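Work out the full structure, taking the sequences as your base and the hints as a guide.
One-letter residues, chain by chain:
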Amino acid sequence: MSDTATRLQHHFANEEQQLDASTFGMWVFLVTEILFFGAVFCAYIVYRTHYPEVFAHGAHHLDVVLGAFNTVVLIASSLTMAMAVHSARVDEQRDLARYLVGTMFLGLVFLGVKAYEYTHKFHEGLFPGNFFYQADDAPLQRLFFSIYFTLTGLHAVHMIIGIAILAVILVQAMRHHYGPRWHTPVEIMGLYWHFVDLVWIFLFPLLYLIGRHG
Amino acid sequence: MSTHHYDPAATVRSYLMVFGALMVFTALTVAAAYIDMGAMNNVVAMAIAITKAVMVMLIFMHVRESSPLIWLTIASGVLFFLIMVGITMIDMTSRGLMGILGK
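Protein chains in written order, with this note's numbering: chain A, 515 to 728; chain B, 187 to 289.
Mixed in with the good hints, there may be bad ones.
To be verified - Simulated restraints, written as ranges between beta carbons of each label pair: (1) V210(B) - Q531(A): 35 to 41 Å; (2) V264(B) - H727(A): 26 to 32 Å; (3) H574(A) - A233(B): 34 to 40 Å; (4) T237(B) - A570(A): 39 to 45 Å; (5) V578(A) - A233(B): 17 to 23 Å; (6) H525(A) - M284(B): 53 to 59 Å; (7) A553(A) - M284(B): 25 to 31 Å; (8) R250(B) - H634(A): 37 to 43 Å.
What the hints assert, rightly or not - Some, not all, of what chain B presents toward chain A, calculated at C-beta under 8 Å: (9) P194; (10) V210; (11) T212; (12) T215; (13) Y220; (14) I221; (15) D222; (16) K238; (17) S253; (18) P254; (19) L255; (20) I260; (21) F267.
Stated by the list, open to error - Reference listing, derived: stretches of chain B covered by chain A, where coverage requires no fewer than 3 residues with Cβ under 8 Å from a Cβ of chain A: (22) 239-246; (23) 271-280.
What the hints contain is simulated information worked out from the structure, not anything from laboratory work. All figures in this text were calculated on a predicted structure; none of them were measured in a lab. Heads up, the beta-carbon is just placed ideally off N, CA and C, and yes, glycines get one too.
Encoded structure:
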């Protein structure tokens, strides 16, 4: 029903211009997100340049199999998210709901694996806090794990927020709010979700895959 | 972006191809990490990550069919990230060159 009614606000010339403005606004937000994560990436670059052996040693405490599994899960969730946007564009209401559920499910799988990894790290005393255990052969290990928990923690917070917004969009989609003429929130949500995927694409090699050879 | 020439079949095909390519590059980056290439390990890992990121942006995030304004916005984000890292590294690597107190 809502798709037949126009969603055009009076200050836009037409629906296409309105969608362009929303897309531009979202990209401006994503630029601030690049710099937000960029600050921690900058800290990573500075400290890894100064203490490469600390980072290579720290990475050996991470599980490559779990990291690679989560990479595959997150890329698959990006595919389902892209398919959700596509379903809204071509008015496949059932597919839209299915792909949104699929994206949320894969996001939760990712967070589940992350929670398992975090628990393991806490037990090993690798979380930089009161119970941090400084192994004799690993000087400055606290440095690597401070950056690891900051980067992956910020990333996980973004995932949790994303899944919460997806839940709202799913409810609206099941009430047939979205269709070919108006699906801006689905498009914008897609941009956010793919951005979170982009961050992980860089986190995986930078945290899990360094110092693996030799 | 224009929705006038939206081709559903071609869109789905491009999404599946990008997904396949992302899987292949993920396998490649894991394999490359176990081969000793010296300093080239970092270069290869980052080259693969940047390739994956560009594919996600162009296809999944529809940048390919987006306006020049969107391209400019993304470029400004990357530029300012590089300025932040660049100036920080100039500072960090040159502190020892001068006998300044509290360096």
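Inset, instruction - Would you settle whether the hint for V210(B) is holds or violated, based on the nearest Cβ-Cβ distance to chain A being less than 8 Å? - result: Check failed: Cβ of V210(B) comes no nearer than 11 Å to chain A, outside 8 Å.
Legend entry - Verdict on chain A covering the region 271-280 of chain B, where coverage means 3 or more residues with a C-beta closer than 8 Å: holds (count 5)
Legend entry - Hint status (Cβ of P254(B) to nearest Cβ of chain A, threshold 8 Å): Hint on P254(B): violated, closest Cβ of chain A at ~11 Å, above 8 Å.
Legend entry - Status of the T212(B) interface restraint (C-beta, 8 Å, chain A): 5 Å, holds
Inset, instruction - May I ask you to test the hint 17 to 23 Å on the CB atoms belonging to V578(A) and A233(B)? - result: 19 Å, holds
Legend entry - chain A contact restraint for I221(B) - C-beta distance below 8 Å: Result: holds, 6 Å to nearest chain A Cβ.
Legend entry - Proposed interface contact between Y220(B) and chain A, which counts if any beta carbon pair is under 8 Å: OK, holds: Y220(B) within 8 Å of chain A, min 5 Å.
Inset, instruction - With chain A as the partner, please determine if L255(B) meets the hint condition of a C-beta pair closer than 8 Å. - result: Hint holds; L255(B) Cβ to chain A Cβ min 6 Å, cut 8 Å.
Inset, instruction - Evaluate the given range 34 to 40 Å for the C-beta pair formed by H574(A) and A233(B). - result: Violated, since H574(A) and A233(B) (Cβ atoms, about 24 Å apart) do not stay within the stated range.
Inset, instruction - Classify the hint on S253(B) as holds or violated, based on whether any CB of chain A lies nearer than 8 Å to its CB. - result: This hint holds: S253(B) lies near chain A, its Cβ roughly 7 Å from the closest one there, short of 8 Å.
Legend entry - When the least beta-carbon distance from I260(B) to chain A is tested against 8 Å, hint result: 7 Å, holds
Legend entry - Supplied distance hint 26 to 32 Å, evaluated on CB atoms of V264(B) and H727(A): 29 Å, holds
Violated hints for the displayed structure, listed by number in ascending order: 3, 4, 10 and 18.
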